[in-house]
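Work the whole structure out from these sequences, hints included.
Residue numbers for the sequence shown follow full-length UniProt numbering, so the first one is 1 and each next one is one higher.
Hints in this document: simulated from the structure, not taken from any laboratory. If you're wondering where the values come from, they're calculated on a predicted model, not measured in any experiment. Hints are not guaranteed to be accurate.
[Said to hold, decoys possible] Straight-line alpha carbon distances no greater than 25 Å define the calculated SDA-like cross-link-like pairs of lysine to any residue that follow:
#	residue 1	residue 2
1	351	431
2	351	240
3	351	429
4	351	230
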Amino acid sequence: MRRLLPRRIAGQITVLVVASIVVAHLLLWVPFLLLRPDARALDERPGAPGNRLVALVHVIAAAPADQRPLLVAAAQRGVAAVDLALLAHDVPPPEPTPSPWPPEPPEVAEIRAALGDGYTVEAEPGEPPPAPMRLRIVGPDDLRVEAQLPPPRHRRPPITGFVLSTLAFLALSLALLSVWAARALTAPLGRLAHAAEAFGREADPAPLPESGPEEVLAASRALGRMRARVSRLLDDRTHMLAAISHDLRTPITRLRLRAEFLEDEVLRGQILADLAQMNALVDAALSFVRDGGPRTSSALVDLASLVQTVCDGFSDIGQDVRAEDLHPALTRGSAEALQRALINLVDNAVKYGSGAVVRLAPAREGEVAVEVLDEGPGIPEEERAAMLRPFVRGDRARTLGGTGGFGLGLAIAHAIAEAHGGRLVLENRTPRGLRALLRLPAVAPAPRGG
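What follows is the structure in structure tokens.
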């Protein structure tokens with residue numbers, strides 16, 4: 001049953017409203033059908049003019065022959081007058097001719113059935129509807145009557161009007177209630193979802209909704225309190241790391257100066273290398289906090305130019321890094337942060353693959369994508385998600401004294417991608433190597449897409 005229900009709350013409310021109205025109408029319709037007179041019985045009864053004609057014919061047939069003209073004359077007067085005339089006995093019956101109303105109007109059969117046995121009712125030829133209908137009735141005791149009735153009306157079963165009115169009311173109710181449910185009930189949820197999605201990606205996130213049902217307001221207040229706590233936590237983390245960096249740089253600098261006076265060159269080199277690594281660790285941690293935070297810039301960035309700049313920088317220091325398939329691809333964000341993300345991806349490829357190829361990959365509609373390819377050992381599938389977390393390194397056997405870094409390069413690139421509304425995807429290549437794909441929102445559709 002759950003698979004049949006819509007996933008959105010607006011669809012579920014609509015289904016609930018439709019089901020409720022259908023059930024209510026069925027509960028009202030069934031007793032109506034059970035208690036009302038049979039429709040076919042109603043259809044077999046003549047209308048008001050036919051009923052008057054049947055009653056007059058019976059009265060005239062029961063009266064003596066000499067009083068019949070007086071009854072016909074009386075019937076032609078008054079509010080409910082009937083156009084009725086007695087026919088002479090010597091008037092021959094009309095020759096059979098095709099009926100002007102194909103098929104025969106139901107009123108003729110109804111009057112014939114109401115008069116009963118011993119009566120003959122035929123419709124005289126004349127103009128087709130909506131002209132009046134003339135009838136010739138022959139009854140017992142040489143009774144011959146000619147009558148004119150109003151034009152045959154289009155009769156439909158009484159049930160049709162009820163069905164049409166019910167369906168019209170049902171359709172109107174569904175339309176109005178669905179619009180109200182979608183706008184009044186789901187709009188606050190949509191604003192709440194948008195505000196929650198914007199938190200962490202925008203420097204000035206949208207305010208949380210303060211209207212809607214009580215449940216939405218409770219969720220909005222809880223989310224607001226959580227957002228305030230997370231903001232304070234991020235600020236405290238940034239201030240703490242900034243304070244650590246400031247406090248560590250001074251003793252590191254003093255130790256570096258003192259190490260320069262050591263006479264043992266081997267010991268001096270080891271101490272200076274350790275100090276340089278400590279300084280790099282502090283810089284990497286601060287970079288992760290700074291670049292992984294909310295975007296503060298929304299300028300247009302040409303990724304092709306950015307890729308070329310990064311590749312030229314690595315090539316200038318002798319690294320095997322080259323750019324391919326460059327074409328204009330615009331996104332919006334911080335050029336400095338995006339450049340750092342590309343530098344981290346290329347640096348990771350150089351460390352583990354001895355080189356890199358950077359190109360603008362075919363992207364989906366509304367996206368631009370940069371991929372960094374290397375010929376390294378790749379990353380096992382079970383470790384790829386962990387590699388995007390800070391201080392996680394692919395080669396666990398290495399120590400901080402090696403060249404593997406601190407496990408922040410991919411984490412920083414991943415944080416920058418998410419801060420720009422994109423994502424970082426890691427895939428192994430065949431037969432070996434790693435493909436790091438940086439997907440970002442496009443400002444305009446890319447000239448080449450896939």
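Each hint tested on the structure:
1. For the suggested pair residue 351 and residue 431, the alpha carbons sit about 19 Å apart, so the restraint of at most 25 Å is met.
2. Restraint check: the Cα-Cα separation between residue 351 and residue 240 comes to about 30 Å, which exceeds 25 Å; the hinted pair is violated.
3. At most 25 Å may separate the alpha-carbon atoms for a hinted pair to count; residue 351 and residue 429 meet this at roughly 17 Å.
4. Taking the CA atoms of residue 351 and residue 230, the gap is about 35 Å. The hint is violated against a cut of 25 Å.
Hints 2, 4, counting from the list given before, are not met by this structure.
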